[in-house]
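Just need the whole structure built from these sequences, with the hints factored in.
Top line first, the protein sequences correspond to chains A and B. The opening position of the first sequence corresponds to residue 1 in our numbering, with each subsequent residue numbered one higher. The opening position of the second sequence corresponds to residue 1 in our numbering, with each subsequent residue numbered one higher.
Do not rely on the hints blindly, as some may be mistaken.
Because identical chains cannot be distinguished in the list, a pair is counted as satisfied if it fits within a single copy or across any two copies.
[To be verified] Under the rule of at most 35 Å between Cα atoms (straight-line distance), these lysine-lysine pairs were calculated in the DSBU-like manner:
# : residue 1 : residue 2
1 : K56       : K127
2 : K160      : K135
3 : K56       : K174
4 : K56       : K135
5 : K135      : K154
6 : K174      : K135
7 : K154      : K56
8 : K86       : K56
It should be emphasised that the hints constitute simulated quantities derived from the structure, not laboratory data. These numbers were taken from a predicted model, which means no experiment stands behind them.
Protein chains: 2
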Amino acid sequence: MNESMTVPANLQTESSAVINARNLELESIDFFVRLMSMLGMPRSVGEIYGLLYFSKDSLPMDQIASRLEISIGSASQGLRTLRSLKAVRTAYVAGDRRDHYFAETEFRRLFSNFIKDEIMPHLDSAKDRISRMEKSLPEQSHEEDEFYAVRIEKLRRLTKAGGRLLPALAGLLKL
Amino acid sequence: MNESMTVPANLQTESSAVINARNLELESIDFFVRLMSMLGMPRSVGEIYGLLYFSKDSLPMDQIASRLEISIGSASQGLRTLRSLKAVRTAYVAGDRRDHYFAETEFRRLFSNFIKDEIMPHLDSAKDRISRMEKSLPEQSHEEDEFYAVRIEKLRRLTKAGGRLLPALAGLLKL
DNA sequence: CATTCATTTCAAAAAAAAATGAAATAAGCA
DNA sequence: TGCTTATTTCATTTTTTTTTGAAATGAATG
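Here you go:
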């Protein structure tokens with residue numbers, strides 16, 4: 001009637017543990033796919049990190065690709081991205097020439113890298129753009145050009161505040 | 001030889017003021033297109049806000065569309081987004097039945113709305129997902145399941161920290 | 001140093017996101 | 001109310017982003 005009755009107890013236990021780990025993995029992938037996509041990262045990057053986050057063992061690229069059912073091209077690019085953010089690292093495994101990846105799980109550091117690499121460069125170029133705006137203002141400011149000067153100043157304050165706050169943000173992360 | 005020599009002085013001045021305003025406008029559009037796209041907003045939304053940010057007069061939708069050379073469909077959708085973030089508001093203009101839009105320029109409020117509308121909902125559903133993860137853990141935790149429990153706890157701390165920090169962030173914005 | 005296996009690269013395909021514009025709807029006016 | 005103008009909606013098209021997979025490159029092994 002019930003197949004599980006014919007399964008030895010130890011095997012049954014192990015199989016349900018496997019199912020549980022697989023559930024976790026799926027929830028984790030889901031979680032990080034969404035989080036990463038909020039940060040503008042492609043799906044595959046979230047999938048890879050999500051898989052590694054709940055993996056006890058470090059995994060080689062080909063296993064990552066096959067477990068996620070993505071191409072090795074995606075896996076390679078996704079791992080490159082994650083490596084550059086220091087979100088994954090590689091472990092040496094004796095007798096295996098593949099690189100084995102595992103997740104860096106200190107979120108404080110992860111966010112600090114993300115902010116430095118993905119946000120600060122934009123802020124820097126924003127400053128240039130604001131300087132250019134100022135050059136478009138007539139030197140001898142007419143009464144009415146006050147309007148433009150004020151708006152430019154607001155932008156300057158915004159970028160300045162961003163430049164201070166964002167790097168400090170990771171520090172505030174008390175996890 | 002030089003055409004500008006034949007242009008009356010007053011007109012020449014006005015025209016260079018127009019050119020300057022146009023430069024500002026273009027830099028502004030560029031600025032906000034990039035900023036908005038960092039926040040995951042489509043190009044058109046940045047263009048519209050950038051145009052309005054340096055516009056002394058409030059503008060009706062059709063003028064926004066034609067000055068940006070985008071379709072009225074894009075303009076309508078973009079304005080809807082901006083309205084929902086309270087990034088633009090409408091002004092009444094006597095004798096004109098079109099809505100006239102102008103930019104809300106208090107960035108503190110804008111970010112606070114953005115965080116509330118675009119980020120907090122994701123954080124809420126992340127909490128559910130973490131609860132589901134915990135259900136995948138065996139009740140009677142084996143020694144080795146410590147690993148999973150710790151990782152889940154990390155996620156919980158991350159979302160908790162995010163839930164506190166992000167709303168506080170706008171408050172820190174001293175502009 | 002030749003072979004095998006691992007990884008990267010990148011042109012092409014697929015998928016996702018955004019823009020268009022015409023039809024439908026709404027909203028003011030006479 | 002009927003007419004006109006403004007706005008929204010949404011199926012289709014366009015553009016952009018991401019993925020794929022095969023070829024090129026690189027790296028370890030015997």
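Hints and how they fare:
1. With identical chains, the CA atoms of K56 and K127 are at most 35 Å apart between copies only, with a shortest distance of 23 Å across copies and 44 Å within one.
2. Only within a single protomer do K160 and K135 lie at most 35 Å apart by alpha-carbon distance; the minimum there is 19 Å, versus 45 Å between protomers.
3. Within a single copy, K56 and K174 get their C-alpha atoms as close as 25 Å, which meets the 35 Å cut-off; across copies the closest is 44 Å, which misses it.
4. Taking identical chains as interchangeable, the C-alpha atoms of K56 and K135 lie at most 35 Å apart only when they sit on different chains, with a minimum of 19 Å there against 57 Å within one chain.
5. In this assembly of identical chains, K135 and K154 lie within 35 Å of each other by CA distance solely inside one copy; the values are 16 Å within and 49 Å between copies.
6. For a Cα distance limit of 35 Å, the shortest separation of K174 from K135 across copies, 26 Å, qualifies, whereas the shortest one inside one copy, 43 Å, does not.
7. Taking the shortest Cα distances, K154 and K56 sit within 35 Å of each other only across copies (15 Å), while inside one copy they are farther apart (49 Å).
8. In this homomeric assembly, K86 and K56 come within 35 Å of each other (Cα to Cα) only inside a single copy, at 18 Å, whereas the closest approach across copies is 46 Å.
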